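Student: Order-wise, the sequence lines are chains G and D.
Anchor point for the first sequence: position 4 equals 4 in my numbering, and the numbering is continuous, going up by one each time.
Anchor point for the second sequence: position 352 equals 352 in my numbering, and the numbering is continuous, going up by one each time.
Calculated directly from the structure, the hints in this document are not laboratory data.
Because the structure is a prediction, the values reported are computed rather than measured.
All C-beta atoms in this analysis are idealised placements derived from N, C-alpha and C, irrespective of residue type, glycine included.
Each hint should be verified, as a subset may be incorrect.
Pairs of lysine to aspartate or glutamate, DMTMM-like flavour, derived with a Cα cap of 25 Å [as the list claims (entries may be wrong)]:
1) D:255 <-> D:152
2) D:41 <-> D:191
3) D:11 <-> G:138
4) D:246 <-> D:98
5) D:263 <-> D:286
6) D:163 <-> D:120
7) D:408 <-> G:125
8) G:196 <-> G:135
9) D:408 <-> G:133
10) D:316 <-> G:57
11) G:121 <-> G:133
12) D:130 <-> D:46
13) D:41 <-> D:231
14) D:408 <-> G:16
15) D:180 <-> D:123
16) D:11 <-> G:10
17) D:255 <-> D:123
18) D:255 <-> D:236
Over 10 Å on every C-beta distance to chain D, these chain G residues come out as not near it, computed from the model [as the list claims (entries may be wrong)]:
19) 6
20) 20
21) 32
22) 68
23) 73
24) 76
25) 77
26) 80
27) 81
28) 91
29) 105
30) 109
31) 115
32) 167
33) 180
34) 209
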Amino acid sequence: MITFNRLSFDYSLATDFSFKLSQFEIQTGSRVFIEGPSGSGKTTFLNLMVGLLHPQEGSITVLGTDITRLSMSQLDRFRADHFGIIFQLFNLLPYLSVLDNICLPCIFSNVRKNRVFQQHKTLVEAARYLCADLDIPEALLACPVQQLSIGQQQRVAIARALIGQPEIIIADEPTSALDNVRKAQFMTLLLRECQKYNMTLLFVSHDDTLKSHFEECYHLNTLNEGSLVDANRIV
Amino acid sequence: MLIALFNLTVKSVLSRKLVFSLLVVSIALSSMLLIGVQKIKHSAKESFSHSISGTDLIVGSRSGDIQLLLYTVFRQGQAVANMSWDSVTAIQSFPEVDWVVPVSLGDSHRGYPVLATHLDYFEYYRYGRKQSLLLRQGRLFSSPFDVVLGYEVAQKLQYTLGKRLYLAHGIAKGNLPVHKQYLFTVVGILEPTGTPVDKTVHIGLGGMTALHLSPQKSKSLPFHSDDLLNEALQPDSVTGCLVGLKSKLAIFSIKNRITQWSKEPLMAIIPGVTLSRLWGSIRTIDRAFFIITVLVMVIALMGLLVSLFISLQQRKRELIILRTMGAHPSQLVLMLVFESLLVSVSGVVLGLGLIVGVGTWLTPLLESRWGLILSLTTLSVTELYFAIAIIILSVLISLIPGIIVYRKGSNYGILSI
């Protein structure tokens, strides 16, 4: 479970933007869609949740841990152990092969590495298993990711987020650069994998056509009590 | 974790092959220059210190030890007084003495000093790593009026075997009175040594004696026989003598005995010790080398620092991705340190390789042309320290952008991508 309680955050002198959330909960294993236009604080919300931003007030409890009380190194370890992140532009490291990109999170998380070793002999074996599951051709595994098509890069980004089975998957506008066909393929794949491993999925996007894939949908302007714009919860 | 981060750094670095190669080449050239300067300094000192070797003592009239060294070895300055031939033969008769080579100085030829000596000079005089004097052309002198030229004299004056020449009285530059009564003939030219021998005109002791005889005595010399002539031209005194001992253990006792010589005021110096003192007195050269070395190192490290800053700008996205994946800012700094380590170690190894490569090609050339002995193919402990210092300083330098990465890394978020 993820709980935001009396949260208050602002960028101090940088902007007059503020993020306030008196109470918000995400249940374990749920698929949550957060909608919001550009500038509404989607990424601020995600950065707060993964501990890359620190609120001035309030608490964020993730899997029973109040992450606002953790030190920077504890936060980094917590993020590495429990969050799988899919970025807007996938952000695969161009100099690494497909396999190396997928195994990357396990460098920073012993928890995820140990989970992998419970089912597989090596990280590479786990990465190969995920690739097979996500229809990434075997021939591409040793290739640099730059040689992959957009569709293949999507799958590698999903595999990277899934390796070591983190409890929470965060997707930050991963479909914003995709056409409708690819968007649908991506959503099907992501939801299937999250369901398979019983992961909590938090999907942030400005694209409201994706709402139909989710059980819970929220508009960020509603969630953010610091926002000047009134909006409604969608569901 | 460390190995994984190192592997990640290697892959990241290899993805920027051009920048990495340029950086490595820059560090390699700087290392080569740095260690090269050290090697040249060391070799210059070695070359200087080995202007004479294998000689245990140099004996001359009592003056200063450096002065005695300067005029007997470097042909600089003049002796205060001569030592008698009787003293030379007396020293020769010491049981501890293996050989004595008398030398006489004071004359010159077109600015090059004349050294009158015995044939034993060519047998016992050693330079560098106890190397003997070798003839490049011709033979050693047999007549008092034969000349053996040092390599540079023959080269600069373009003298060949058979060339006939006059010697001048005195060693100062300018118009000197010429000993026109005797013509000398070049019979031999020596191989280059990189020592003052190259700039010396060698003649027999008899030749020097003949130059300074009165016209009446000159007329009565037995010119028909070289042996008789040599006997007739036996010197009464010489400038000094080089002494070789049967055992090094006797050096100090012989030195003391000569210093306390009652028949005339003499002194003996140990060439190696006095050469070190002389080198120590010209510390400016040492300082100049040191300043050059420090400047080269500073420039190389500044180059590395600038490159690291530029690479940071290019790698911002990569660092943010890693941070979001759970990398602590200190791990990003560690990757930067690894990168710096890779660049500096590769650069230093390449630099050393270049020194050995260039050295293999250059050493024989320098040795044959100028007699400069460079030991470029081996690495001394000091040079090893310099190599290690470059690596350590490179790592320390990388901490400057590292601190920036640490500070910025703390604020990197998904937002930044």
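Student: Hints first: check each against the structure and report whether it holds.
Tutor: Going through the hints against the structure:
no., hint, verdict
1, D:255 <-> D:152, "violated, 34 Å"
2, D:41 <-> D:191, "holds, 24 Å"
3, D:11 <-> G:138, "holds, 21 Å"
4, D:246 <-> D:98, "holds, 5 Å"
5, D:263 <-> D:286, "violated, 42 Å"
6, D:163 <-> D:120, "holds, 24 Å"
7, D:408 <-> G:125, "violated, 35 Å"
8, G:196 <-> G:135, "holds, 16 Å"
9, D:408 <-> G:133, "violated, 38 Å"
10, D:316 <-> G:57, "violated, 30 Å"
11, G:121 <-> G:133, "holds, 17 Å"
12, D:130 <-> D:46, "holds, 12 Å"
13, D:41 <-> D:231, "violated, 47 Å"
14, D:408 <-> G:16, "holds, 22 Å"
15, D:180 <-> D:123, "violated, 31 Å"
16, D:11 <-> G:10, "violated, 38 Å"
17, D:255 <-> D:123, "holds, 23 Å"
18, D:255 <-> D:236, "holds, 23 Å"
19, 6, "holds, 22 Å"
20, 20, "holds, 18 Å"
21, 32, "holds, 17 Å"
22, 68, "holds, 15 Å"
23, 73, "violated, 5 Å"
24, 76, "violated, 4 Å"
25, 77, "violated, 7 Å"
26, 80, "violated, 2 Å"
27, 81, "violated, 7 Å"
28, 91, "violated, 5 Å"
29, 105, "violated, 5 Å"
30, 109, "violated, 6 Å"
31, 115, "holds, 14 Å"
32, 167, "holds, 14 Å"
33, 180, "holds, 24 Å"
34, 209, "holds, 23 Å"
Comparing the model with each numbered hint stated earlier shows that hints 1, 5, 7, 9, 10, 13, 15, 16, 23, 24, 25, 26, 27, 28, 29, 30 do not hold.
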